[in-house]
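The chain contents come next:
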Amino acid sequence: MDTNVRLSLPAVCVVWQTAMIILFGVFIRYDHESDAHWVEHRKHLNLTDIENDFYFRYPSFQDVHVMIFVGFGFLMTFLKRYSFGGVGFNFLIAAFGIQWALLMQGWFHSLDYTDGKIKIGIENLINADFCVAGCLIAYGALLGKVSPVQLMVLTLFGITLFAVEEFIILSLIHARDAGGSMVIHTFGAYYGLSISWMLYRPNLHQSSRLQGSVYHSDVFAMIGTLFLWMFWPSFNSAICDHGDGQHRAAINTYLCLASTVLTTVAISSLFQKHGKLDMVHIQNSTLAGGVAAGTAAEFMLMPYGCLIVGFCCGVISTLGYIFLTPFMEKRLKIQDTCGIHNLHAMPGVIGGIVGAVTAASASVEVYGHEGLVNTFDFEGKFKDMVPTTQGGHQAAGLCVALCFGIGGGIIVGAILRLPIWGDPADDDCFDDETYWEVPEEEEEGIPTVLQYNNHMRNKDM
Amino acid sequence: MDTNVRLSLPAVCVVWQTAMIILFGVFIRYDHESDAHWVEHRKHLNLTDIENDFYFRYPSFQDVHVMIFVGFGFLMTFLKRYSFGGVGFNFLIAAFGIQWALLMQGWFHSLDYTDGKIKIGIENLINADFCVAGCLIAYGALLGKVSPVQLMVLTLFGITLFAVEEFIILSLIHARDAGGSMVIHTFGAYYGLSISWMLYRPNLHQSSRLQGSVYHSDVFAMIGTLFLWMFWPSFNSAICDHGDGQHRAAINTYLCLASTVLTTVAISSLFQKHGKLDMVHIQNSTLAGGVAAGTAAEFMLMPYGCLIVGFCCGVISTLGYIFLTPFMEKRLKIQDTCGIHNLHAMPGVIGGIVGAVTAASASVEVYGHEGLVNTFDFEGKFKDMVPTTQGGHQAAGLCVALCFGIGGGIIVGAILRLPIWGDPADDDCFDDETYWEVPEEEEEGIPTVLQYNNHMRNKDM
Amino acid sequence: MDTNVRLSLPAVCVVWQTAMIILFGVFIRYDHESDAHWVEHRKHLNLTDIENDFYFRYPSFQDVHVMIFVGFGFLMTFLKRYSFGGVGFNFLIAAFGIQWALLMQGWFHSLDYTDGKIKIGIENLINADFCVAGCLIAYGALLGKVSPVQLMVLTLFGITLFAVEEFIILSLIHARDAGGSMVIHTFGAYYGLSISWMLYRPNLHQSSRLQGSVYHSDVFAMIGTLFLWMFWPSFNSAICDHGDGQHRAAINTYLCLASTVLTTVAISSLFQKHGKLDMVHIQNSTLAGGVAAGTAAEFMLMPYGCLIVGFCCGVISTLGYIFLTPFMEKRLKIQDTCGIHNLHAMPGVIGGIVGAVTAASASVEVYGHEGLVNTFDFEGKFKDMVPTTQGGHQAAGLCVALCFGIGGGIIVGAILRLPIWGDPADDDCFDDETYWEVPEEEEEGIPTVLQYNNHMRNKDM
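Protein chains in written order, with full-length UniProt numbering: chain A, 1 to 461; chain B, 1 to 461; chain C, 1 to 461.
For reference, chain A alone in the conformation it holds in the complex (with noise of 0.2 Å):
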């Protein structure tokens, strides 16, 4: 196959950031807390600025930035030749979807009727952010299997579907779902899922000899693996409400994933023979608390119920690693390289499920009158709606979120099966030289010699 991607990439990228430059020029504007006139809107509305969205969100943004280009990239790195595209493709995905995210949301979320703008601030960025997890979530399952041409094309049709699958979970059936156990987790991995099942290779095992890692490489996965799991606190908690929303969605979080790591490691070490521990599911495993706690994240899930979920998911999911990849490969024909269906796909199912449970199994004796208003959003046009309603309606967002996420998936798979887009061929998977100058290796365990004759190209020069 023609791997070459010369034209094709460079067209896509230049094309399309111009596209969203012409679109920005259009629609996008700062909003109320962002723009120079805050200043007399402060005083207008008699607040001070430390009471400017910036100053509440502004860290957890940060954080959650560093899962999305530090944390997925990194987790990417474990394959022993594929480190470059993990880390490299993660941050061309996310830097282009990012853009287009603050588009289609803003939409949906942030249109201004008055001019027919787009006024963005810091939760923008961070729903953008989150938006863009949905693609990489997908683009771990096709990890080493497609070329960047194809993960822009997956990009640009997932951010579209997360958009319109999020207004409909989120304002139209009025779901809450702060950590996007639903609208990201659920959503990004069946899309991922169905893309590799329409992308399946039979002959995949031409390059298995690259599909695994080195010694150095699963630690460098490490490194995504620990800021995903430190940071997910913020990512659950950073666009909750003011207040105790993001306090007690943070607490929730931290709890999770603490229990995670444990029945992990128990299960990783029961299943193995000798009692070994496999770096792939401490890797991975690990995070599955976090995924689960999405949605019921600023619910009054209760300390205690944060470790149940936590332990249930470390169990399914390190499971799912040691026998349900391997059947899916075989007997569903879906390939999916990180094992994402183990990390997000099922975790972020129990998620819905456990907020539909929780949030159906709210009381004013729990939450107070204020309280449960506030955490569940009853105002507006939903200000007669009840707990248990509330329940059936997260069940219903999960149900969307797997539709969108099987249904796009499908459609986006079989036009990324198209034979245009340069992707790699059956003995070229996992492997950096495809599509990067990789450099030459020194033979090591040879002391340098001084008078080395160097056929190494200069990479500065």
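Everything hinted at is true.
One copy or two, it doesn't matter: identical chains are merged, so the pair holds either way.
Under the rule of at most 25 Å between Cα atoms (straight-line distance), these lysine to any residue pairs were calculated in the SDA-like manner: (1) Lys273 with Ser208; (2) Lys117 with Arg29; (3) Lys273 with Leu7; (4) Lys276 with Val14.
For the record, the hints were derived by calculation from the structure and aren't laboratory data.
Place chains B and C on chain A using the hints.
Relative to the frame of chain A, chains B and C by itself:
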């Protein structure tokens, strides 16, 4: 020795995690600021959302969280073949430790006597991270020589001892220790050193081939070093008083650390032949200033005072690596893998002394009357205390930390000597093969060939 | 050449650190917001604790701190055998530089004339980090070719020049430069390039075997790239006005950087045979947008304006790596190891020009009257300034930065040519062996054998 932990490790993880769920169910609830009733509570106290403690402490909390998981974790990746164990077991015991710490510290400090529940908020999460730090320090002395089951036991007892010691020092003795020079570092280091003394291995030289670094493992360790170094101002200021307390602690720590770097470099260069720098010193001794700034972080230590403390710590800590660590191993039979005696024990004691002296010499001229009361918390039953007595109390606190560290370490060390924990043989120390599935290395230097006869286990299938 | 720095390096470190202690003792004290008198001061001004400047700026400060130590440090680990020097010397000179910067900048900006003391708070720490950034940029041009003693000298003079230049540009000329496109990047880059020109090595090709990367060193460098990229919004917003200023600067920088990534990828792919991407471009040129967004970060640059600036910077910077760096080395005798001309110099100048144009075209319609005064600080003796004259002042500021960079670099370069600094021979450049104890590599590919005859120095004993 039998290092198979296939039954013991899963059993310990599952049983202890189940115990946590039960205890959390019985005891742990949200506090005023993270409960859904906050909106009513806030109106009652006439506060705005931004005055929720979450916004004072969350950025510092996340920095501390990074220190615990990435900082300590990657600092321990320096060994050539124990990077998985360094970062992975650090992850495991920290995730367990924070749960147990929330309970232990909660019973002592956050118990609501009206309903017998522990009420947690963001400050409890920070304190749990702090508590775990003590055990991670202890792990540094034992790195590569113990099994994960032993580490879980070490953590269970370590957290328990920590909580009691902390209660005695902070609440009964009324010593101040914002950054934990005494409570965390002195205790944790002597706890680990005593255990290491109890577990002395006369034939450890049998695995000396693995007791060093390779080029890239030293670079990995610098990730840990730098995240610890950069975020130490957050560590020391995280639970200080709102306002000037947090502000001053951050400045003091920043200055202490800057000074330490220069004297570490100076001593490292001076004592190596040809003046070459040693990565062990740069990775560790540069952090000593942060340890020593802990107790007095909140005090009016003055900027030049901070530089002096940092200056001394860099010198002492580096000299410790050069002279004291080999001496301790040969004469005192204390094998200290990471040199925690130089990084935590000595600087911790220095920090305790600096705290006592600074407290004793505090004056109304420097602090102002209200500032003095605020900084030293001369309120309630301690409202008649004066700086000189406070200095004495600080010194008493240091002694308690030492006693708990040494005494606790000897007892726990005795427990860990039982031949049931699956610890490695002398010639298997510092080797990830013992407890981890380690990918076989491809022969580097030989370019990857397409038709490659692959024996590697495919980790994802 | 004699590269033994066993006397000179410790002497410089100890003497200069001692000087810092004395000067700090004489000059530096806490400011109102970090002093224990804050509690009285706060009541006097009727403020709450959350309005302490600490809470406005600390999260940004920590992000900037990460950029300085991990961002710059790891960006310079890309060479196959100079990772220790890249991250380690970066650490050393930054730790010294921030102390000297607190003094130099303090004398110009924070001197309290009532008592002759410099009063420091969180904003001073941020500015000290900024100041150091200039020297670290300069180090990028010299990476691998200078001794640590030379770097200390470069930093001493660099900080001094910076503080004077900054005072002229910001205070005398009254140019605005929130993110330092002119003050930091233009100055720092031309300072480094001029020094590199003065230290031209005609026989540098003798160490060309080391002047490239290996696979994992490129992945390490991506850690630096991503932390710089992610936290650049904090860099450009850290010292902006409270409220909309910080908010807008973060948004502008976020957008600029996103756009840069796409055009960097496009140009990198377009100019390599087979359309393969070059890690050098991805590591560096993707950051150019952040540099260029510096001066105008706080202005109403508009979201589409940011995308345009980012678009251009990605193109220009990547073309610079492909065509300009080899040209400068061959024709202009400027050896620029990291390509700072492409990453900092050109984007810095672009940023200065963008700032001048944006300032000159500012209007009351866009900013509002109060917004205009606020953003451009048209107060005090500058209260009669108008945007068009501000544009001229911005341009004048850019010229001053260029002059200080080039002039200062030539003078300091002349000093650094003295044969007393222990710099490496032409065939020892880019080699950590010169200044570091480097662990001998085990022969990889040969499985670790139990009875292994070990010649390795055991670093911990």
